[in-house]
Amino acid sequence: MLGKLIKHETRATRRIFLPLYGALLILTIFTKLVMAIGAPDFFSEAASNNTIAEITLGISFTLYFILIVGISVMTLVMIIQRFYKNLFTDEGYLMFSLPVKTWELVLSKLLVGLLWSAVCTVMIVLTFVIFSLGTFSMMELTQAIQAAYQTFFVETGMNLNLFIAELALFLAVNTVASILMIYVAIAIGQLFSQHRVVAAFGAYIVITIVLQIIGSIFMAVFAIGNLDILILNGRSAMSTIQWLINGSTILNVVFGAAFYYVTQYIMKNRLNLE
Amino acid sequence: MTILNTNNLTKSYGKKAALSQINMEVPRGRIIGLLGPNGSGKSTFIKLAAGLLVPSSGEIFIDGQAPGALTKAKVSYLSERSYLSDWMRVSEILVFFEDFYEDFNRIKAENMLKDLAINPDDRLKTMSKGTKEKVQLILVMSRQAELYLLDEPIGGVDPAARDYILNTIITNYKEEASVIISTHLIADIEQILDDIMFINQGELVLSSSVDEIRETHNKSVDGLFREVFKC
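Taken in sequence, the protein lines are chains E and H. With this note's numbering, letter number 96 in the first sequence gets 96, and the count goes up by one each step, no holes. With this note's numbering, letter number 156 in the second sequence gets 156, and the count goes up by one each step, no holes.
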C-alpha cells in the first residue's frame, strides 16, 4: 500500500512540477544557444558588439533566476500543502478511510517531498552544467579535482571523499528532519479545536526555540570537552569541523525520529478532522 | 453474526461528551437508520466506526476487529464532507479507488455515472455541489463492502436523484452486508430501513426494527421521531 500511496502522491504533485521543470530546461537551453551563437564572451570583461543578444540574455537570465527561486519556494510550499491539505482538511476524510496504516501516510508524503527536493537540486546542477558546456575541458577539470584532493589531504590529513560523504549525509539528514519538523508542527496544530493553522505556526516556533537551546547546550558541552582542540592549528581545525558535522547529523537523526513518532502518534490516536 | 458491536463506547471532545456509554450490536444483512437531531452524535459514531476518530473509552469492533487498515478495507464510508480533490477528473478518481480498494467495481461505477449523466472526463472543480455528492455516493456504493457507513447521503441532492440513490443503496449491497445511514431526513428514507437507532445527546435512546415500531407504537418512524424528539 505504501507503493500505491507514493504513486498517487507523485501523480498529484507532478502536474505542478513537470511543467515548471520543462520551462526551466527550455529556458536554460534557449539561453545557452543565444549565448553560444550571439555572445560567446557574455561573462568576460570584453565588450560585445551584439546588443540584441546581450539584451536577450539579460532578460532570460532574469527569468532563469525567477524560475529557480519560484521552483525552490514551490517545493517547500508543496511539502507543507500536501501534508496539511491532503490529510487534515476535507480531503483527509478520504485519505484516512483508505485501508492503509497511518505511518504509511506520513512516510509517503515524506518520500515524495524528498523526491521533489532532490529533483530540484539535480535540475539546478543540470542547468549549471548546460551553461558551462564548452567553457572547460574535461582534462582540466579532472586535473583541478585531483589537485583539490591532494591539497586537502596535505592540509588536513583527511581523505576528501570521506569529508564530502559526511557533508552529504548531514545535508540529507538535515532535509529529512526539517520536513518532519514541519509535519510535527502541523500535527500539533490539529490538537487544538480552533485556529489550527495558527497553532501549527506557534508549534513550529516553539520547536525551533527548543532546538536552538538544545543545540547551544550541545555546542557548549562539546567546546568544554575539547578545549585543547580549540587552540587551533590546521589539522585539528578540520577535525573540529568534522566533529560538528557528524554531531549535528546524529542530533538531527534523534530529532527527526522524535518528530516522526509524535506526528504519527497524533494522527493515529488524536485525529479529529474539522 | 454481527458486523459491528460496541462496548461502553464513549467519545468526548475536551469535557464535552459527544457519545457516552453506547452498547449496540449491528447484525449483517440489515439497513439501519441512525437517527437523531443535529449534534446528537451521529457523525461522531460513524467516524469512530470508520476509524477517523479513536474512542475516549470503551471499544468498537468491526467484524471483531478494532478499526484500522484491515477494517477500512471492509468498510465503505461516505463522509458528510466533499472529500475529493478538486483538480481530479472523475476517471482519475475511479483509478484511485480501484488501486486502493480491492472490492471496488469499476464497471458498476461507470454505469451509475452514465445513469446520472456525469461525464467521467469532467474535473471535480467544474461540478456543482450536488453532482459532487452524487459522484462520491457512486464511488462508495460501487464497492462490495461488508459495512457501508453513509453520513447524510441525501442531504444535498435533488429528489429525483434521491430516489435513484436510495434505489442504488438497496440494490447494490451484498446480502451479508449492512448499511448504516445517518440522517435527519427520515421520511425520505423510511421505506428502505429495516432497523432504526434513535440517538440523542450522545446516548442511544431507542433501538428497534421498523416493523416493531409500526406494530407497538402504531406510528411511522417519522411520526415516532417527532414525538420522541419533540422540542
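You may find that some hints are simply not true.
Claimed, not checked - Derived pair list, reagent style SDA-like, types lysine to any residue, alpha-carbon separation capped at 25 Å:
no.	chain 1	residue 1	chain 2	residue 2
1	H	LYS125	E	ASP90
2	E	LYS7	H	SER56
3	H	LYS230	H	LYS174
4	H	LYS125	H	PRO159
5	E	LYS101	E	THR249
6	H	LYS15	E	ALA203
7	E	LYS85	E	ARG15
8	H	LYS132	E	MET139
9	H	LYS230	H	VAL205
10	H	LYS108	H	GLY64
11	H	LYS16	E	GLU9
12	H	LYS219	H	LYS174
13	H	LYS108	H	GLY155
14	H	LYS125	H	LYS74
15	H	LYS108	E	MET1
16	H	LYS174	H	ILE192
17	E	LYS268	H	LYS108
18	H	LYS16	E	MET78
19	E	LYS32	E	GLN194
20	E	LYS101	H	SER56
21	H	LYS125	E	SER216
22	H	LYS132	E	GLU9
23	H	LYS74	E	PRO99
24	E	LYS7	E	ILE52
25	E	LYS101	H	ARG81
26	E	LYS268	E	HIS8
27	E	LYS101	H	GLY64
28	H	LYS125	E	MET139
29	E	LYS7	H	SER128
30	E	LYS101	H	ASN105
31	E	LYS85	H	GLY64
32	E	LYS268	H	ASN8
33	E	LYS268	H	ASN105
34	E	LYS268	E	ASN159
35	H	LYS15	E	TYR265
36	H	LYS132	H	GLU176
These aren't lab readings, by the way, just hints derived from the structure by calculation.
Handout entry: Numbers of the earlier hints that this structure fails to satisfy, in rising order
Key = Numbers 2, 3, 5, 8, 10, 11, 12, 14, 17, 18, 19, 21, 24, 28, 29, 31, 33, 34 and 36, in rising order.
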